[in-house]
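2 protein chains.
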Amino acid sequence: MTSDDMPHRALLPAGLADLLPPDAAREAALVEAMLAVFAAHGYERVKPPLLEFEDSLLAGSGAAVAEQTFRLMDPVSQRMMGLRADTTPQVARIAATRLANVARPLRLSYAGQVLRVRGTPIASERQMPQAGIELIGAATAMADAEVALLGVEALAAVGVTDVALDVLMPTMTPALLDAARVVPPLRQKLARALDRKDAADVAALAAEAGAPALTALLAAAGPADGALAALNAADLPPAARAIADNAAAVIAAIRARAPGLRITLDPVEFRGFTYHTGVAFTLYGPGGELARGGRYLSGEEPATGLTLYPDAVLRMAAPAAPAPRLFLAPGQDGAAHRAAGFVTVAALSAADTPRSLRCTHILHGQTPAPIED
Amino acid sequence: MTSDDMPHRALLPAGLADLLPPDAAREAALVEAMLAVFAAHGYERVKPPLLEFEDSLLAGSGAAVAEQTFRLMDPVSQRMMGLRADTTPQVARIAATRLANVARPLRLSYAGQVLRVRGTPIASERQMPQAGIELIGAATAMADAEVALLGVEALAAVGVTDVALDVLMPTMTPALLDAARVVPPLRQKLARALDRKDAADVAALAAEAGAPALTALLAAAGPADGALAALNAADLPPAARAIADNAAAVIAAIRARAPGLRITLDPVEFRGFTYHTGVAFTLYGPGGELARGGRYLSGEEPATGLTLYPDAVLRMAAPAAPAPRLFLAPGQDGAAHRAAGFVTVAALSAADTPRSLRCTHILHGQTPAPIED
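So the protein lines, in turn, are chains A and P.
Just so it is clear: in the first sequence, position 6 is 6 by full-length UniProt numbering, and no numbers are missing.
Just so it is clear: in the second sequence, position 38 is 38 by full-length UniProt numbering, and no numbers are missing.
Hints are supplied without guarantee of correctness; some may be wrong.
To be verified - Just a few of them, taken from the derived set where beta-carbon distance is under 7 Å, the chain A residues facing chain P:
1) L12
2) P13
3) A25
4) E32
5) A40
6) K47
7) P48
8) S56
9) P75
10) I94
11) V117
12) S349
Said to hold, decoys possible - Sample of chain P residues with no beta-carbon within 10 Å of chain A, all distances over it, derived:
13) A64
14) A123
15) R187
16) A191
17) K197
18) D198
19) A229
20) A242
21) D245
22) A249
23) R255
24) R262
25) T274
26) R292
Read the hints as simulated data drawn from the structure, not as lab findings.
For each residue, glycine too, the CB sits at the ideal point set by N, CA and C.
Same shape as in the complex, but just chain A:
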């Protein structure tokens, strides 16, 4: 389908867009294919509403997106509602209330739209599809590994196989700074230097702070084997050692099931993982980030989850071949041909021709035949 793209952009608010044919159908198909992978592993789908009271929507992990959440007055209750900017807090609410009596671990999945007040400098979108899983009530490295590998399997199911898993420990930097009793403003300076990955600044500030391990861990970032060896060799205070050992256990559990998966480890990265309590993950494809997740608290329960970004997956998935389009003149029946995989398009007036209906085939007797150019 051709489109007349540019002149009408201003019809929609910035960061809000129409998905046109064939992309809208492709996105829906890949969301359902990913959810089918989750379902096959026992993840049961929930569908929370787009709007709910802001106090429940912004509780727990929802606090991370409070500034990005559209607010609306509910004329019925006179209370403020939020338009969800993330689905995880809603799943946590469902797990803690309506599914409180279901045995743990609880495996839940979801798919739907989220909305954000503003785009970011990197991504202007203000409405994004999400498809994800939450594994609630399991605290083991096996649980983290299951969730990360389900992301890989879901992407493979839609043809995205060139994927790398980045493992993060967002609690590591705070643990090292706590152990060295580093306080503001030095703490903020170090955080900024780490965020910039400025090795010279980190080295100088970490020495000043009495947290030299930060320098070693910044340098350790890279392919998992080398990074794990460097982590193992680093001189870490007990809390940081526990964090490192846990990451090693999660990576070992992933390796046991997916020996060929490309894994990197970034011990001091923490940006954007504000509510995580353990190992976090990012899945990358050739064109960028495809999913993000990790360990957190779902209410008061240990949990791990992953959110895939179907819009990013759509850009990386190979397009399906379009179905052949069969022209039906008035009175011709298409049921058998639809069952055989044709899209049928019926003429509704004498003005409708195979060409105007963008058909690739017409019927010769009962047999579809390609239209000659």
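Guided by the hints, dock chain P onto chain A, whose structure is given.
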């Protein structure tokens, strides 16, 4: 999955609800099954955003839901946005702008959520799923018939076959009142009497108004054959006669393709069809209304469309048998069993048992075996 339903209802605003397992997965599956039927007939999917500027959202047919539309200030543009209460105005915008250059008729489909400021006395829901089609740029009775029959076919695809089609002519009553030059307040009194289907009041007021055909047409409502005969026999002014003839042509086109379909005709019903310009439809199942649609103007183009209500369809569709759940002990691989239709649920710690994971099967060697009670 058991749920702990009542104590937590107040956590969500009135009319907004969570869909739990297995209903959320069932609803998604039936939406995709219905969209697959539309796609097989050449309807290509679009996905407009949930939010857009209110002036485009409330244009055309959108005016009918203006009072039901949540408004939000866009902090980027400082303009007002609306949270869609209906999808048809958005599809009309897409057809008129980005798809303006695609040959007509244009067949588009969509699925998504809509939100409304308040529930109605009959239906308290404020978020509802919609799945629909729009056939834009075709003015024939064949077009109306195609859209109505696609609704029937989509419902059949999800197992809802006990369906009746109610055909309405929402322009008939205004045409009769216009022809008789009936003005307020008599016009409003007659409309209210028709809405109540109060035959005695209608007869008295219609006689006073000089529009006696209204009495005959009110009595004509019922199974299509009898109603069409009564319409044919009625003494109608020219505009009303054209409306009646068009409805007869649409019904004939439907009958030609679906001779067994139960069709009723209600010549004077108009309530809730505020923007329709020709024949309108309601599809009913045993539990109530499942879809609504009809002819309207998409921008300046003749169009006909249908919206199915997946929440209502879900209540009427037979539940699928749950998939067997196979317990996987650590180290057991489930890929082959998932491919064979099992849901596999992996133990993540020694606490996870087949019973706690609600499994129906365990592996005996490589073979799934039902768990004895």
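Now for the hints, and whether the structure bears them out:
With a cut of 7 Å, the hint placing A/L12 at the interface with chain P holds, because the nearest CB-to-CB distance is about 6 Å. For A/P13, the shortest C-beta to C-beta distance to chain P is roughly 5 Å, which falls under 7 Å, so the interface hint holds. Because the smallest distance between the Cβ of A/A25 and any Cβ of chain P comes to about 4 Å, under 7 Å, the interface hint for this residue holds. Evaluation of the A/E32 hint against chain P yields a held restraint, the C-beta minimum of about 6 Å falling below 7 Å.
The beta carbon of A/A40 is positioned within 7 Å of a beta carbon in chain P (closest approach about 4 Å), and the interface hint is therefore held. Among the interface hints, the one on A/K47 holds; its C-beta lies about 4 Å from the nearest C-beta in chain P, closer than the 7 Å criterion. For A/P48, the shortest C-beta to C-beta distance to chain P is roughly 5 Å, which falls under 7 Å, so the interface hint holds. Interface restraint check for A/S56: the shortest CB-CB distance to chain P comes to about 6 Å, inside 7 Å, so the restraint holds.
Because the beta carbon of A/P75 sits about 6 Å from the nearest beta carbon in chain P, less than 7 Å, this interface hint is met. For A/I94, the interface hint holds, the least distance from its beta-carbon to any beta-carbon of chain P being 5 Å, beneath 7 Å. Given the 7 Å rule on beta carbons, the hint for A/V117 holds: about 6 Å separates it from the nearest Cβ of chain P. A cut of 7 Å between beta carbons decides the hint on A/S349: the least distance to chain P is about 5 Å, and the hint holds.
Distance to chain A confirms P/A64 as a non-interface residue, since its nearest Cβ pair spans about 19 Å, more than 10 Å. Against the 10 Å criterion, P/A123 stays outside the reach of chain A, whose nearest CB is about 14 Å from its own CB. Separation of P/R187 from chain A is adequate, the least Cβ-Cβ distance of about 32 Å exceeding the 10 Å criterion. The beta carbon of P/A191 sits about 28 Å from the closest Cβ of chain A, which is more than 10 Å, so the claim that it is off the interface holds.
Every CB of chain A lies more than 10 Å from the CB of P/K197, the least distance being 31 Å, so the non-interface label holds. Its beta-carbon lying about 33 Å from the closest one in chain A, P/D198 satisfies the requirement of being farther than 10 Å from that chain. Taking the minimum C-beta to C-beta distance to chain A, about 26 Å, the non-interface status of P/A229 holds against the 10 Å cut. With 10 Å as the threshold on Cβ separation, the claim that P/A242 sits away from chain A holds: the shortest Cβ distance comes to roughly 18 Å.
Distance check for P/D245 against chain A: the nearest CB is about 17 Å away, which clears 10 Å, and the non-interface claim stands. In this structure P/A249 is separated from chain A by more than 10 Å, as the shortest Cβ-Cβ distance comes to about 13 Å. Distance to chain A confirms P/R255 as a non-interface residue, since its nearest Cβ pair spans about 14 Å, more than 10 Å. Against the 10 Å criterion, P/R262 stays outside the reach of chain A, whose nearest CB is about 21 Å from its own CB.
At roughly 22 Å, the least C-beta separation between P/T274 and chain A is larger than 10 Å, which holds for a residue marked as non-interface. Interface exclusion of P/R292 from chain A stands, the closest Cβ pair being 21 Å apart, more than 10 Å.
The structure meets every hint from the earlier list without exception.
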